[in-house]
Structures are given as C-alpha cells and as structure tokens.
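Undergrad: Sequence:
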Amino acid sequence: MNRVKVNVRDKCPFMEKCYRKNPIHFAEMSHPHLERLVIDQLDDTIKIPDVLDFECDRSQLLDQLKVIQIVMRKERDKDRDSFLKLKNDLLPTDITKNSTTSKSPNKVSNSEDRSLDFENQQSSSSSVSIMDTYESCKLNKDREEIRKKAIKKMKQQGFEISLVEPGEFAVKYALAAPYYIFFTRIDKSLPTYNQPLSITFPEILDKSLGEIKSSLQINFMVDVGWLCLQYLLAGQKADITILYGDGGRVDKEKVGKNITLVPIPQPIQYGCHHTKMMILEYNDGGIRIVVSTANLYADDWENRTQGLWISPHLPSLSNLDGTNNGESKTGFKKDFLQYLKSYKQQALSRWIAIVEKADFADVNVFFIASVPGNYRQTGVDAWGHKKLGYVLSTYASLPLNSMDWPIIAQSSSIGTLGLSYEKWVQRVIVSSMSRTKELTILPNFHFIFPTQKNYEESFDCQNACCCLCYRQQTHSKQKWLEKYLCQWKASKTSRDKAMPHIKSYTRLSPDLKRMAWFVLTSANLSKAAWGTEMKKFYSISNHEAGVLFLPTFITGETTFPIEKENDDSNIQPFPIPYDLPLIPYKSEDNPFVNDIFDE
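With the working numbering, letter number 225 in the sequence shown gets 225, and the count goes up by one each step, no holes.
Just so you know, not all the hints are guaranteed correct.
[Unchecked claim] In silico DSSO-like pairs for lysine-lysine, Cα to Cα no more than 27 Å straight-line:
#1 LYS513 - LYS489
#2 LYS479 - LYS437
#3 LYS78 - LYS155
#4 LYS78 - LYS172
#5 LYS257 - LYS149
#6 LYS489 - LYS47
#7 LYS344 - LYS479
[Claimed, not checked] Quick list of the computed label-pair ranges, beta carbon to beta carbon:
#8 ASP132 - ASP246: 21 to 29 Å
#9 LEU400 - LYS423: 36 to 44 Å
#10 ARG80 - LEU52: 27 to 35 Å
#11 GLU327 - LEU400: 30 to 38 Å
#12 TYR390 - ASP44: 53 to 61 Å
#13 GLU211 - LYS477: 47 to 55 Å
#14 LYS477 - GLY256: 31 to 39 Å
#15 LYS149 - GLU356: 25 to 33 Å
Think of the hints as simulated: they come from the structure by calculation, not from any bench. Bear in mind the structure is a predicted one, so any value in this text is a computation, not a measurement. Where a beta carbon is used, it is the ideal one built from N, C-alpha and C, also for glycine.
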C-alpha cells in the first residue's frame, strides 16, 4: 500500500518565499504552509484566509494551492488512513478542534507551531532534483530516461498530462505549408487537440525538427521553471539565454549555469519589452526562428488563443557558396539582424553571429518590428507602422474597388487612442495599412475586442485569470471606438471561450473570400506599440515583433484565398483565427474592462 508520508520529502529551502508552480518541484519538496491551507478544502473551491502569517502574492498563492489540491486529493484517495495521520500532523490541535481560544480564526499557525519534524531530514539544499539531473545530462538517451521518469512522477501526483507524441511534429509542420502559422492548443477544448494547426510548446522543440544545441528566448513575461519543464517534456537540451521585460519574471526559481537571464529596461517611460520570439540553434549548425504572441508562462499556453509563425530550417552558410549572403526575397535577414543589434547587448553577440551565418533563402514573410526611440530622419521607415506602410506601398496590390476592402484589427489590449477616430487610428494606422502600389481611398475599419459577456463565458473567467487589458477610465474618453467594435467569436476553430491574446491585422475583400495581407504580431492597438507622430519626431515606446504575409511572396498571386475555392486549386486557404462574418457589438454590449477586478 502507498503511504502518504510528507516527512520523507525534503522541505523546500524557500518555504513561504517559494513561487514555483512546477509540478515536479511539488512532487519532490514539502511545502507544509501550503498543505496546511488546502487540506480541509480538497473538494471545494479554494478560499484563502483573510490573514496569513507570511507575505505573498495572493493570486500566485491561489495558483500554487490549486496544484497542491490536486496532489493531496490524489494522496487522500490512495490511502485514507495515512491521509488522516498527515492531516493530524499538519494541523495543530487547537485548529483541528476549532478552538475558540485561537487569537484569530482565519490566521494560519506560526511556523514555530508546526508539528512536522524535519530535524532528521537531509538538507534540501544538498538534494538533487529531477530538473537538476536532467540539465546535467549529456546524452539524448539519458535525457529521455529522465523525461519518462518525470512524466510518470507527475501522473502519480495526479496531474493530467496530455502530450503529443515526440518525434512527429515535422510532418505537421510540412503540412502547414506555405504559411507555417499555428495556434495554441486549448486544454479545455478537446476539438483543438486534433486540429492540424494546433500546437503545444513541446512540439515547437520537437526532436523531429532537429536536436537543439541552445536557445534564445526573447519575451515580456517568463516563468523559468515552467520554460525548463517544456524542454524536459520535449526531451531537448535546456541551454537558454532569456531576454525579458524588466520586472517581467513571474517566478523566483534558482537558475543553473545553463540559463542566462538578461532583463531589458525600457529607455522610454511607460514603454514595454513586449516582443515574443525565439531562435533555436541545432546541432547541425542550422537555426529556426519562431515569432509568437504568447508569454513564457503556463496561463498563456493553456486556454488562450495565441498565434505562432515557425520558420523553415535555416542552414548554415558555411556549407554553401561563400558568395551567398543568405538573404530572403523579403529582406527578413537584414531586418531581423537590425532588430537584434538594436539591443546593444553583449549577451546577443554570439546569436547575431549565428544569424549572420544562416541562409534565409526559404523565408517568405517580412519581419515587422518596433524598437523604442524618437526617430527624425534615420530609421523612420524601419520600425512600427511606418515599416508596415513602406512594405505595403512597395509590394501590396489590390483591385480597383480597394476602398471596399476593410481593415480588420484585433488585439488583447487597447491604448489611449485619442478623442476621435480621425486623431490617430485613421490618420496613422488605417492610413499606413491602406498603402499599396496604387493610390487608394481609406477603407472602413473594424476592431475585434471581447465584450464583457465574451469574457464572462470564457475559460479565463472560469480560472479567475485574465489576459485582456483595458480600463474604464480610458474607454470613457474614447467612446467613439464602440462604433468600430466587433465581438470575439471563434466557434469554427473551437476557440470561442479561449480569450484572444493573439494580435492580428488584415485586409479582406467585401465578400470575405480573399485576403490582401495578414500581420501576426505582439503589437496591440496602441501608440506605444506602433508609433505616433510628435512635433519633431516619430516616437515608439515598445519593443514588438511580428511577421507580414504577402501573397506575392508566398503563393505568387495578389491575394490569399480565405476558403477553399475549388478542388483543382493547389493553394491552401489562409487560416484566420476568428469567425467571419464579424459580429458588431449590440447596443447592450460593452467592451471588457479590468475594473471588474477592483470591485
């Protein structure tokens, strides 16, 4: 019989300061301060006492307690007798008997009153975790053995593990041609599990694409423990350099020598390091670039709609003709290198050299990024909406009725847009996105953003979390926006309840059958992300990154099909993350605002 004996596990050295949510960590380390909070509410919605005897982020604490709840419920169901003993050990007598002499009925007992005896335990600082063992592996077979042990241990602890079988993603990737765009699988939406364009994080790292030597992760928010777990689940080496937004680290994991952390301060007030992308270096010398809309922590990869573009394998030029600079027909390599160099970070020197040696010939999209700065003459067309407008004016082509092709924007956050539609959205965004090789009249504009009801019916609402950002105070100053708002609907991809953290911009034909272009990006609809004209310069506050899909460079035509036109056509429809036709807000609809969490 399996016995529940918490004292056979080492006590977490961080105790009340532990911020981990990694299931492997909870399986190996004891956290009595968490176990004590949840042991009497294993089958209920977790309620945290008003008063705690340790400082914490209550939202983060709730996430940890949900993990502990699963573990302890599993232990209870295995062996009730041992569980009762554990409960008696965890809870002091005055609490288990609901003593009225307690100074505060909602206060968790002080650490000196805890009855668990750890005196005879081995020091947890000297113990070696599964993650430590995994990261020290030199051979693939050793990593695979540790991977299997870790998954087994997680299942034993009651975690639902639903992994795509490693070694098969290369086929899925090949079938995604010519766009190579994917959407994150939704844990609570089973139909997404079998969709050809659904993806999980370990699939990005899949060994069928190559054996990873090292990785560069550039992002806004990161949970290092969660990220390392994804590499373990993929059976790949977790030798990672991480650039992230200053203050954007959500965990307090002690990192090993295999992890290099580089916080990026923003040079402009209220700016944000919002880029989300990665470079994977393979043992064969090649690389692969991934541009994403998701942060590097669990919530963004579980039940939210996210988008990713994954590049082809980019081989090293050392194996090719030395006269070839490896540029793509879209100029992606030049633009990508310019972005990396803009950081002026020593930690990127090696990565810049790797990218310079890579052959980008097979890349068929444009790199559209934003870099913080005030631009006067030099670099004006290199970043933000001006870069997008420049590319569209050079290469995009539309029929004579182009004014009837509306622009559709969609994002998870809304900035301060001005007192009227004409002030910034029309003058800057619609104007830049309307540019083509021919002169055109400005088209209509639609903006997809979830309603209050959309959120209330979402998985995020069920999980008491949120990825949307908009304040009532901001909306009260731009009520004109309501005229252009459309609901979030994605029933065709089974993502209606998966709130969109994806950001996309496109231009569609009036009959909704053709697309002129599509942008997948980290950039929300804001001046900080796309840039705005000041009196003497063009100003951008954020780091952002995205890709532009133009038909001329991908299918050889002037537009993309949105739906299958006929059986004879070899061109696949472009995958759109939301339903068409769009559904405008009704009179009773209101855009979601974060103020509901202040109530």
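Undergrad: Give a verdict on every hint.
TA: How the hints compare with the structure:
1. LYS513 - LYS489: The given pair, whose Cα atoms are some 18 Å apart, holds under the 27 Å limit.
2. LYS479 - LYS437: violated, 34 Å
3. LYS78 - LYS155: The hint holds at about 13 Å.
4. LYS78 - LYS172: Not satisfied, since the Cα-Cα distance of roughly 39 Å exceeds 27 Å.
5. LYS257 - LYS149: Holds - the C-alpha atoms of LYS149 and LYS257 are around 23 Å apart, at most 27 Å.
6. LYS489 - LYS47: Answer violated: LYS489 to LYS47 is near 33 Å, above 27 Å.
7. LYS344 - LYS479: violated, 41 Å
8. ASP132 - ASP246: 21 to 29 Å: Holds, at about 28 Å.
9. LEU400 - LYS423: 36 to 44 Å: violated, 30 Å
10. ARG80 - LEU52: 27 to 35 Å: Taking Cβ atoms as reference, ARG80 and LEU52 lie about 29 Å apart, which means the hint holds.
11. GLU327 - LEU400: 30 to 38 Å: holds, 34 Å
12. TYR390 - ASP44: 53 to 61 Å: holds, 57 Å
13. GLU211 - LYS477: 47 to 55 Å: Since GLU211 and LYS477 have Cβ atoms about 53 Å apart, the given range 47 to 55 Å holds.
14. LYS477 - GLY256: 31 to 39 Å: violated, 48 Å
15. LYS149 - GLU356: 25 to 33 Å: violated, 40 Å
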